[in-house]
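Here is what each chain is made of, one letter per residue.
There are 4 protein chains.
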Amino acid sequence: MEDVTDSTGKIVLGADRYGKAENRVVRIYRDTPRHEIRDLNVSSCLRGDFAAAYTVGDQSSVLPTDSQKQTIYTYAKTHGDGSIEEYGLALARHFVDDIAPVQSARIEIEEYAWERVIAGGRPHEHTWTRRGPEVRIAAITVAGSGAERREWVIGGVRDLVILKSTGSEFAGFLTDEFTVLEPTRDRVMATSLVARWRFTTPPDDWDATHAGIRAALVERFALLHSKALQQTLFDMGRTVLEAYPCLAEIRLSAPNKHHFAYDLARFGVDSTDEVFHADDRPYGLIEATVRREDAPDAGIAWDTYTGAV
Amino acid sequence: MEDVTDSTGKIVLGADRYGKAENRVVRIYRDTPRHEIRDLNVSSCLRGDFAAAYTVGDQSSVLPTDSQKQTIYTYAKTHGDGSIEEYGLALARHFVDDIAPVQSARIEIEEYAWERVIAGGRPHEHTWTRRGPEVRIAAITVAGSGAERREWVIGGVRDLVILKSTGSEFAGFLTDEFTVLEPTRDRVMATSLVARWRFTTPPDDWDATHAGIRAALVERFALLHSKALQQTLFDMGRTVLEAYPCLAEIRLSAPNKHHFAYDLARFGVDSTDEVFHADDRPYGLIEATVRREDAPDAGIAWDTYTGAV
Amino acid sequence: MEDVTDSTGKIVLGADRYGKAENRVVRIYRDTPRHEIRDLNVSSCLRGDFAAAYTVGDQSSVLPTDSQKQTIYTYAKTHGDGSIEEYGLALARHFVDDIAPVQSARIEIEEYAWERVIAGGRPHEHTWTRRGPEVRIAAITVAGSGAERREWVIGGVRDLVILKSTGSEFAGFLTDEFTVLEPTRDRVMATSLVARWRFTTPPDDWDATHAGIRAALVERFALLHSKALQQTLFDMGRTVLEAYPCLAEIRLSAPNKHHFAYDLARFGVDSTDEVFHADDRPYGLIEATVRREDAPDAGIAWDTYTGAV
Amino acid sequence: MEDVTDSTGKIVLGADRYGKAENRVVRIYRDTPRHEIRDLNVSSCLRGDFAAAYTVGDQSSVLPTDSQKQTIYTYAKTHGDGSIEEYGLALARHFVDDIAPVQSARIEIEEYAWERVIAGGRPHEHTWTRRGPEVRIAAITVAGSGAERREWVIGGVRDLVILKSTGSEFAGFLTDEFTVLEPTRDRVMATSLVARWRFTTPPDDWDATHAGIRAALVERFALLHSKALQQTLFDMGRTVLEAYPCLAEIRLSAPNKHHFAYDLARFGVDSTDEVFHADDRPYGLIEATVRREDAPDAGIAWDTYTGAV
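Chains as they are written, first to last, in my numbering: chain A, 20 to 328; chain B, 20 to 328; chain C, 20 to 328; chain D, 20 to 328.
Take the hints with a grain of salt, since some may be wrong.
Repeated chains share a single entry, so a pair holds when one copy, or any two copies, can fit it.
[As the list claims (entries may be wrong)] In the DSS-like style, the derived pairs of lysine-lysine whose C-alpha atoms are separated by at most 27 angstroms in a straight line are: (1) Lys246 x Lys276; (2) Lys29 x Lys276; (3) Lys96 x Lys276; (4) Lys29 x Lys246; (5) Lys96 x Lys29.
Since the hints were derived computationally from the structure, they do not count as laboratory data.
Take these sequences, add in the hints, and give me the full structure.
This is the structure we're talking about:
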């Protein structure tokens, strides 16, 4: 607000976009008696020559969000045999290539995990239970055509709740007149991680790559003796980038889910960091990007639509 | 409303109860380098001679809910080495036996599952990820003293989301002038089960019993060819009671999470029950109790306090 | 669990019921240019001769929940010109009277409030904004026919969040070895009230009665100097029963939403109960019924189905 | 993903930030017997020279999030007599000016509305009920010092749920092979608006400005005959900018909350757009910015931290 005068310039339409959010697509694969399931939440988002819809109410360039919905469900059958990243790429390319006014399309997908039920001592062919809270996420953006064509793929995970009961400290920090926190050499550290990684090149196997990155993140959280959540996040990110040359960068958002040691000494009970109160709010919130110095331009890859990714 | 005149009787205090709800207790067991974790949401609820607090604002018989909270956290250390049912029994007995005005106490507990992380190729000693959405629940009620002493234990599970992609039909139903539903011989059947079972006798191993009941429920859902969710629920309940003589009854609440086959024929695509829309609302809601004819009296066992159980 | 032996009795179906939950009905009244809106969440629940559906998978007595849904939407037009209590009565009577196997029907309704928008200096004829968080609720139960016919109507409100910044104390309470709470003569008292009242006779104007009861509850919360939430709740309930002879009883459930005075003295700031932390969990939870001694039998009036009421 | 080779560049820390999220501050003003209340959810977010915390676990430049929390609660007393924008500015300036490593600070605030209760026929002096679902939001960013100092203020509202029962159409849209939607000349239009506006110059009265912008948005939604949500949003934004020269731009995010006319003709009932099903998912999602061509640079003003704004 450094300007001392009001703005009086012409009023115009700035950035705009629209689409159909949160299509709850469930795909069952019935090719053999052993069925497979994929449970998705899919959002489409289009940008392009839509200004007339805003400024004069002219819909002639606007593909209804209902049509986008029909496409999403149809493509689940016709282009849904692979990973969510491949399905998203097919959808995004369709909107850019086949719908004239569309200049770029973004597809955001959440995938909910299901686990095959054990029945009669073996995995059942067509029954599963949901497994969470962790959700796999992806965001695919396709823009332009011909030589101008760009494609960005982000994979990730949200609500990966992880906790270590020791191997974490927090000390030697800056203090000010509002600092009453005591340093600690042993604490519970817990978070509900959101991690999103941007691909430079498509991996041979999207699903295996996702599983490998997820495993690496979890392993580093466990193995690194932590001096702070910041250090842990950077180490997790670096480890993933070292192991996956197909990635340009990884973004991590981590609430510090505070577990306060409960004071039982008042009641004559020695608890020694065995009883904690898991507090709801407020919480620390640490966010960091780990990236390669030579990472290609991210363009609009990180321009999130629904909060799904 | 069959009475034709208004009520004019004396106005009195009816049933009342109070307590501290949703204490988020996390217990870490550090006896060996391989830690264990138990993550709980604990509520206490007391009934007794508290009328004066309501009618004249006299607190002299009211144990503060803060004191109940301190007790809950303290007992996590002193009485928290076993199952949630045993921990709940210890808490409920304490309130009834040691706090004079208390005539009955109810302890409701939710237990959140954690799964040991794999790091360096083996289970890590002090790191876990949360596993959901399923939550184990228990409700323990203790009432009276001496010869009047009664104790009821309910165990259970909520948010057990389960789906079968075939082996379910719905046909031959009653019709009226509002019936437009078509019968079906093959459909997706899914629910988010809440199951609660009442114990007659304490099992040797509460945790193993919980795991066994949960496994039996899931297995029957998978194996039974379903003619309706009603039939499936009854079969699940009967199977559990047959296998667990320690149980008097089981209560099942099951939303029918509708998965509607998506009509792709409009777009020239043959999908044959492979693409579904998972609808949010409305949903069918089926509830049933399966019980033994000679089950002992349930008393106030099912008088739920917080919604936790 | 006073029995020393396991139960081995015959396994049978206990209580059962089913219906369609959470139909999101929006009714617009367009009789004049000044439209009206009613925004509802309606659930139907049937009990009756449905045992064969559970025990042998025979649906011949089962009216599909889809048919119930169609009825709910249709009745919004044909029987939806009055209050939610009247609409619910019409639906419940229909299910009991017209669907042979049905012995009792329960209709639970939530009504969301909308407020007419001001445009051009006056209330707009067809635009509203939602007003919450408070929700009006009702539960109507109809059972039997002929001389056996019974009808119960419950009205109420949930999520009525109310706070007073003074005029509340808590002192003189019972103490035990876990009591560390200090008595207080001045505190913030806040709750998110659920209040449900049972009618003995139908009022002339259901909507005006609802508004009057709601106003009385709020006024008493404000005016009574509180010695505890218990005392406040009883006083609120008694006041309502005194003013409304058409009511038999009122049930109140009130979380004590703790607002902790923040200690700023550590930082040299005198705050004198001006800055508080609104804590999430745990919370006290106080529940009480205020009733007339001569209230008619409640039967199954309080047998809640969805949590809506 | 146009690169044909993997990235192999040096791995470095990219953007990072941290803070304390969701401090639930309640401020009571007790200067006179007529109290006032302000109910806030406050998050702080710092950027600066924190790289060593990530890369080598050195906390010597890291002010604990706990210290930020203490500051937030203390400032509620010492700098909390005005609007949330002024309170946020004070906090952000403090972190930048007084904590050496901090280069920029962002304060995000939600304010929950309370309405004075009527008791004894007049507004009560110290009792309120909560009013929602609408929430006022603000995001204040302060960066740099001396000649480099920049300050950005964003105000706004979220969860402003608004509905019009007529005066809305959708026709003349683009069609493709997936288009089955029928055009309509009369429909219910509803959204749950998020609107955020960026100030160029500080208004004389932040609270009055907020109320005025909110009223203008609502009025335009009501008055404009809508050819699509896009047109309505642009008109709302333009109207606000025209009336408030202190604003540079406004961003609008609007889910199209679909209300589907229910087909009652099947049951012989003429409903003529009087009965609707309010669907949950999927929903259209329309987003647009309306701005002045000469608007000053937004810098990091829109770099959202918690989702609060």
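For each hint, the structure was consulted:
1. Lys246 x Lys276: within (16 angstroms within a copy, 36 angstroms between copies)
2. Lys29 x Lys276: Neither. Shortest intra-copy (47 angstroms) and inter-copy (32 angstroms) distances fail the 27 angstroms Cα cut-off.
3. Lys96 x Lys276: between (40 angstroms within a copy, 22 angstroms between copies)
4. Lys29 x Lys246: The answer is between: 24 angstroms across copies meets 27 angstroms, while 52 angstroms in one copy does not.
5. Lys96 x Lys29: neither (47 angstroms within a copy, 41 angstroms between copies)
Violation of the numbered hints given earlier is confined to hints 2 and 5; the remaining hints are satisfied by the structure.
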